Amino acid sequence: MARVEAPLVAPTEAPSRRRLDWVLVSTSSVIALLVIMAVFAPLLAPDDPNYANILATNQGPSAAHLLGTDSFGRDLLSRLIYGARLSLLGPALIIVIATLVGTALAILSAWYGGWFDRVASRVADILFAFPGLIFAMLAVAMFGPGLLAPVVALSISYTPYLMRVVRAEALRQRNLPYVAACYVEGLRVRTICTRHILRNVMPLLLVQAALSFGYALVDLAAISYLGLGVQPPTPEWGVMVSTGQSAILAGHPQESLLAGLMIVVTVVAFNLLGDRLATRQKGVVRA
Amino acid sequence: MSVLEIDHLAVDLPVEGVLRRVLHDVTLPIAPGEAVGLVGESGAGKSMVSRAVIRLLPEGAAVHGDIRYAGDSVLAMGRPALRHFRTHDVAMIFQDPRAHINPVRTVGDFLVEALVERGERRESATTTVTALLASVGVSDPERRFRQFPHELSGGLLQRVMIAAALAVSPTLLLADEPTTALDVTTQSDVMVILDARRRERGLAMLFVTHDLELAAAVCDRIAVLYAGLLIEDVPTGDLRRDLRHPYTAGLLASRPDPVSPRRRLAAIPGRPLSAFEIGPGCPFAPRCPFAVARCLSERPELRDLDTGRVACHRAEELRGQLLSIATPGAASA
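First to last, the protein sequences are chains Y and D.
For the first sequence, the residue numbers in my numbering are 287 to 573.
For the second sequence, the residue numbers in my numbering are 715 to 1047.
Accuracy of the hints is not assured; some may be wrong.
As the list claims (entries may be wrong) - Here are the in silico distance ranges between beta carbons for each label pair:
1) Y:A349 - D:F862: 54 to 64 Å
2) Y:N461 - D:A790: 18 to 28 Å
3) Y:T565 - D:G984: 44 to 54 Å
4) Y:F326 - D:R857: 36 to 46 Å
5) D:R836 - Y:L310: 32 to 42 Å
6) D:F862 - Y:R458: 15 to 25 Å
7) Y:W308 - D:V818: 20 to 30 Å
8) D:P794 - Y:T565: 41 to 51 Å
9) D:R1033 - Y:N461: 42 to 52 Å
10) Y:Q517 - D:G731: 54 to 64 Å
Read the hints as simulated data drawn from the structure, not as lab findings.
All values reported here derive from a predicted model rather than from experimental measurement.
C-beta atoms are modelled at their ideal positions from N, C-alpha and C, and glycine is treated no differently.
Hey, can you work out the whole structure from these sequences and the hints?
Structure (structure tokens):
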């Protein structure tokens, strides 16, 4: 079985290791900042996010309230900082669950093929037919609003996306000669799948997870905006876009605008990161 | 007692849903410590034999006959027995080391993996393997240990593969064209090392190659495969002195002559047939200058002839004549 290795990529296309990749650096910095913001919210927020002051509603930026206040007189900066917690936790849970389940199913499908693969792939096809939002609304209708129901529903509807991509790559890996060599060494299936195939699909997995994170965040924010997710007065960006909308007509768009901006910044950062990781992988020499 | 007995092995592979014969009848015993070279043209089924021995045939392949390792049928082995066979008794060296070593794991991970998998501690496995790396001529084993396959040259990587094969202390080595992907000088270095380590450990080896010279250099016996049929099996010493099969004679004739390289290379007329294309007679008959009517209608059995075995109806009467074909220089002089 002679397989001739073609010279893979012209050297000019390969990303240089020495030059800093600014997109990668800036997007990961933004994401790191957002995570720090969420984790250390109590230390960073200047005010109690739920402290309402009816005498200071809809204020513009000032020394006391750097980003102004909302229609209840709550400090917007504090609410945005605290809002990062649930706004990031939700999509993170969705992606972690969908990635774990999707990858496990994908590798098992690719490895065993046969009826397991057929059943898993058909179930994935059926799930593709349901828009995630509809699925989440259904879950909320059954289990009541909050963070949990939409997160579980969206985890289920994101799983096939991750599974489909990973399965294709795992299937390709499974038929590469090094896997046959593993067989001959007498390695257990478990070892081959986890230490060899999983490791080779990891880069792809990261890209897909990063890209899906953005979508999951938008979906969850939409659910919150519709009032089906996290309930006010809990600070959460999707909720804030929704509660701020009445003030827009009165000429105070800051709450909706700032919360929307946070969502946009986060989604763009994750998408650019995923995109960047994907292009970098294409430049990497693969055997 | 043979360490490996390949007994009337026939293999069918599914091609677009239909089973197609790739090996007709291969009977080949290998004694402990003996090196057998399995030679043949591309598509003759050489690799299929080695893959069948280690049960690495594609899904849906139908295997007939039997393969016995130390008396136990490899084909009948259950999962635990097969795993034991692969982890303790047999090791395989592949043609293209770059494709057969996981590119994203270090050389060290690759080397100790088989030992760790069968229950050895990582530290002791590392010691074993480091010593082995030095013995196959890899300098600075500690550094190589931490490197990735793409950082090593093809020759170095093939030595790593040899070290990995020796690490499990097998009794049988399957080498599937181990040097074909290497350039000629590296090829000879690697072969010398493989041959030396094999001899000092007394390993039996099935050496699959299309290079008759190379096989003759390192093997005790040469088995010639044509269109999925074993047509000759001869001790290496007799290969050139006493030719018995016209095909082997033709192969020997089509080598370039290192002494007077200006003669035109002889070629066997026609093209090599695939195993599924052959008729009822001798597979080589359509290209054989000595074929008679019987050759086309009746398939010759592989039968004992002096020191070896041969599958040719006219082996006895041709014995004297074939030598002149194989050495055309002598014929024309």
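Cross-check of the supplied hints:
| no. | hint | result |
| --- | --- | --- |
| 1 | Y:A349 - D:F862: 54 to 64 Å | holds, 56 Å |
| 2 | Y:N461 - D:A790: 18 to 28 Å | holds, 27 Å |
| 3 | Y:T565 - D:G984: 44 to 54 Å | holds, 52 Å |
| 4 | Y:F326 - D:R857: 36 to 46 Å | holds, 43 Å |
| 5 | D:R836 - Y:L310: 32 to 42 Å | holds, 34 Å |
| 6 | D:F862 - Y:R458: 15 to 25 Å | holds, 20 Å |
| 7 | Y:W308 - D:V818: 20 to 30 Å | holds, 26 Å |
| 8 | D:P794 - Y:T565: 41 to 51 Å | holds, 46 Å |
| 9 | D:R1033 - Y:N461: 42 to 52 Å | holds, 47 Å |
| 10 | Y:Q517 - D:G731: 54 to 64 Å | holds, 59 Å |
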